[in-house]
Each structure stands twice: as structure tokens, then as C-alpha cells.
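Dock chain W against chain P, hints included.
Protein chains: 2
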Amino acid sequence: MSPAHPAPAPQSGRLTVVGLGPGAAELMAPAVRAELDAAQDIVGYTTYVELAGPFRPDQRLLDSDNRQELARARLAFDLAAQGRRVVVVSSGDPGVFAMAAAVFEVLEQADDPAWHAVELAILPGISAAQAAAARAGAPLGHDFCVISLSDNLKPWSIIAHRLRHAVDADLVLALYNPRSLARPTQFADALAILRERRAPETPVVLGRDIGRAAESLTVTTLAALQPEQVDMRTVVIVGSSLTRQVARAAGGQWVYTPRWCSQTRATD
Amino acid sequence: MSPAHPAPAPQSGRLTVVGLGPGAAELMAPAVRAELDAAQDIVGYTTYVELAGPFRPDQRLLDSDNRQELARARLAFDLAAQGRRVVVVSSGDPGVFAMAAAVFEVLEQADDPAWHAVELAILPGISAAQAAAARAGAPLGHDFCVISLSDNLKPWSIIAHRLRHAVDADLVLALYNPRSLARPTQFADALAILRERRAPETPVVLGRDIGRAAESLTVTTLAALQPEQVDMRTVVIVGSSLTRQVARAAGGQWVYTPRWCSQTRATD
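Protein chains in written order, with this note's numbering: chain P, 255 to 522; chain W, 255 to 522.
There's no promise every hint is true.
To be verified - One side only, chain W facing chain P, incomplete, derived with CB under 7 Å: (1) 354; (2) 394; (3) 398.
For the record, the hints were derived by calculation from the structure and aren't laboratory data. We put the beta carbon where it would ideally sit given N, CA and C, even for glycine.
Looking at chain P on its own, in the form it has when it is part of the complex:
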């Protein structure tokens, strides 16, 4: 869809939740770019709406602060129910700790038949964990889990319970929302759980703003990791017992998790 020829409003509205990927345009799916170009209204957290641009003057940008996911989803349904073509933007994958779940929460609770008649679609994106993993090597190369450490919407006891099981299952862990100023001690608590049963030399990858201008990648170990190295914009990938390091040609280390277990090392 060319920016010079915006699509006319469809008969009934359309709401698409799109994933921008980690931030760089070169990692955004062409389907997402086309949907953004065809949108009349773009709804999202201000930072992500800016990442999704530039937009044409005829496109309306309805950006808002973070932590207003449900209000944003309701606005999007309101507009789409009026016949507008609406895109809700998320960074990463909208289906992973992002706007897609909020949109369905709102839809399920809605009484308005017009909201339920909206044409709805989700377009995936490359998640922050995948972007960090690719820069680091292949730490998610075998069985892994993705867990948010935010206790805004779930009690810490459940988070701790999940971490213990993930460690006992020897899964690689990708941890989102690891540490905020509002709960400075919880990441240390999470680290204590991980250190109880995983070796000190376990590789840890810290990916911050990967795919954006200020990106940084740190490779460390479970023993050396300090909570102060981590904030809300960091994805923390903690290796399994099998995760390994290999020297990079340009210096530093790659981190990867092989496809085999020790009993079954591949030799094809």
C-alpha cells in the first residue's frame, strides 16, 4: 500500500494489533509496515508510535502513556466500531507480554455488539528475547521459557514458584520486566532462586534496547551478575546446564544452547 494512496475506510472497522519487532525497521515484518501505512488511526504507547512512524498528515496518532493498556484497547475498539481502520502498536511481538492480550481482555468484557463485530487481526513481530538471543548467539537454541518478573498483575509468590520449576526443568529462561525502581529487591530474590540450583558459571545474556540506537549486549555469568546491571528495558537470558560459550572472531563470547543433551550428543 503506497503512502501516497491511503486505503479508504472499509465498510465495517478493522482493528489490527501489530508487533514492530525490536525497533529497527529492518526487523519489522513487511505485513506490519503495510498495515501501518493503510491505517487511519494509530493507537499506542508514545515511544512505540514514534518507532512505528513516520506517518502521513491524514493519519491520526493516538498515543498515550505506558500502563494504560486497557484504556488504549477500548479506544481502539471504539474507533474500529465507528468504521475506522485502526492499528494498535506494540514493540516486539504483540502476543508476548504486550497489547494483544489486553485487546482480548477488553473484548471479552465488552457488551457492545459493535465491538464484537470488529474485524480483528494480530500480526506477530520479532520479540525482544529473540533479538537479544540473535545478537548473543543462540541461547534459546533448546527448550526455554519466557517469564515476566513484573508483579503488577501477578503476586510475587507465583513468579517465584514458576522460576523454581523452570530451574528444576533445566529450561533456559528469558526474563522480561526484570527490575523496576518500584520493586528494587525482587530481582535479587529471583537471582537467589536461580543461584540455588544452577551453576555459578552459567552464562547470562543481558540485552538492552537491542535493535535500537542505544543497544547494549552484555555476556556475564550467574555468579557475576549484579542487579544494578538490569532495568525494565533489559531482557535477561539465563542459560541451562548445557548453555555454552564460544569465542567470537572479533573478541568477546558467543553464547549458545546446543540441541543435544549430554547423553545424546549429535555426531551426524
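Only chain W this time, still in chain P's reference frame:
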């Protein structure tokens, strides 16, 4: 990089492992498309090399059967060490049960300094689980795990152990390589583990060839799921205790996992 102006071979070779995403060109990252266009040699499983095309006559296609991951990775290093610009293709994300880990396995074992001098990069892609999740709604909207049921490279006892912990942690599960002709009974064994502790009405999503011409999406429940519905090209997503269904405007059901736990339902 324009196809009409292929890049000259760099001084030292370059090996890039790229993720094609689920299959449709509209879900492939532009960075991957550019790397494919700039490649001199394209290495991969025949099906994926075909998905990655079309290529120019001056580009060499080195495709091979599946299950030859290590041989393919060695070929790629051999070519890159000669100064060639080489791309190894994976479907989905190369970092998730795919070629990136195989490339690092080969690199770690290699004695040849020329292999270790190769400029190496991994470009991520949208995984099969993400593509299936987006078509289904947002089943991966909260904490989840990604587990391969293939026992080619790990014993079944480890797979069963991981499934039990994932269920006890109440994680959503995305299961890869769920059922092959060589091990027809194991998926039933996995189902038995899941059914022991997760409710019969737990939503299950079956995504097969999502993003390709023959794509199919099935929404069912843990009680109704039959092993015969599943093969190696199916991703199986099993909900947590919180995963829910919502009616679609066009008929059928969306499946999503809310961001909240029952104690902390969001009301913003």
C-alpha cells in the same frame, strides 16, 4: 541491496544464519531479505531454500535433506572460510530449535583457525509458535515455555520431566516436533502428563504450516485433542489455567492468555 547489484565477496568470508519466519514473504524481516539478496551461497534444507527464493543465476543453492544440520553447518564454514558470502536458511527463528545452535556446535568443535575467523551473524525471524499464536489470538500472552518433543537428541525421560515442571508452573506450553512416525506413542504419553494436572477444558491450539499456502489452525481442548490431529509440522499450544476463549466475529473462537492472575485482575 538491489538484486541487480550483488555485493562483491568480502575480504574474509561472512556466514549469516537467517530466519525466514513462518513462510510468507510478508512476515520475513527486510534484513533477512537483504542478506539473501547479497549472498553468494545459500545453504539449507531444500524446502527452506525454496521458500527463501527466488535467487539469481549467479547465486549458488546448496540444499540438502533434513537431519543433516551439522554437515550443512560445516559446509557453510568451509565456504565462508574461502571468502564466500554465505547464508544458512532456517524457517521460523534460526535460534529456536534450528540452524543457529548447529552452527555454534560446529564452530566450537572446529580446529581450523579460518573457521573461527569467519564473520558470523544471526538474524532472527518470527517463529512457528508466534505465527500460530497470532492467528489464534494471544495464547502466549503470559508466561510460557517452548519445548521440543523430539527425542532424537534428548532422552524422553528429560522431555517428560520438563513437561511435568511446566505444567506445575502453570506455564502455557508451545510444543515443537510433537509427533513423528518414528515415535507414534510419545505424543500420547505427553498428553497423559498434561491431562493429569490441567483441566479438560484447557484450550489447545494446533497450528500447521501457518504462513504458507496450506495453513490450518485448529482450536480444541485438552480433553478433545487426538494424537492423530498432530504431526511434525504442527505446533501445539496448550493453555495455562488462565487461558480463555472469546467468540470471533467471523465464527470460531479466539484463544488468549490474560496478563493477570485471578488475584490481580487488571482494572485500569
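Right, here's what the structure says about each hint:
1. 354: holds, 4 Å
2. 394: holds, 5 Å
3. 398: OK, holds: residue 398(W) within 7 Å of chain P, min 6 Å.
Going through the hint list in order, the structure satisfies each hint without exception.
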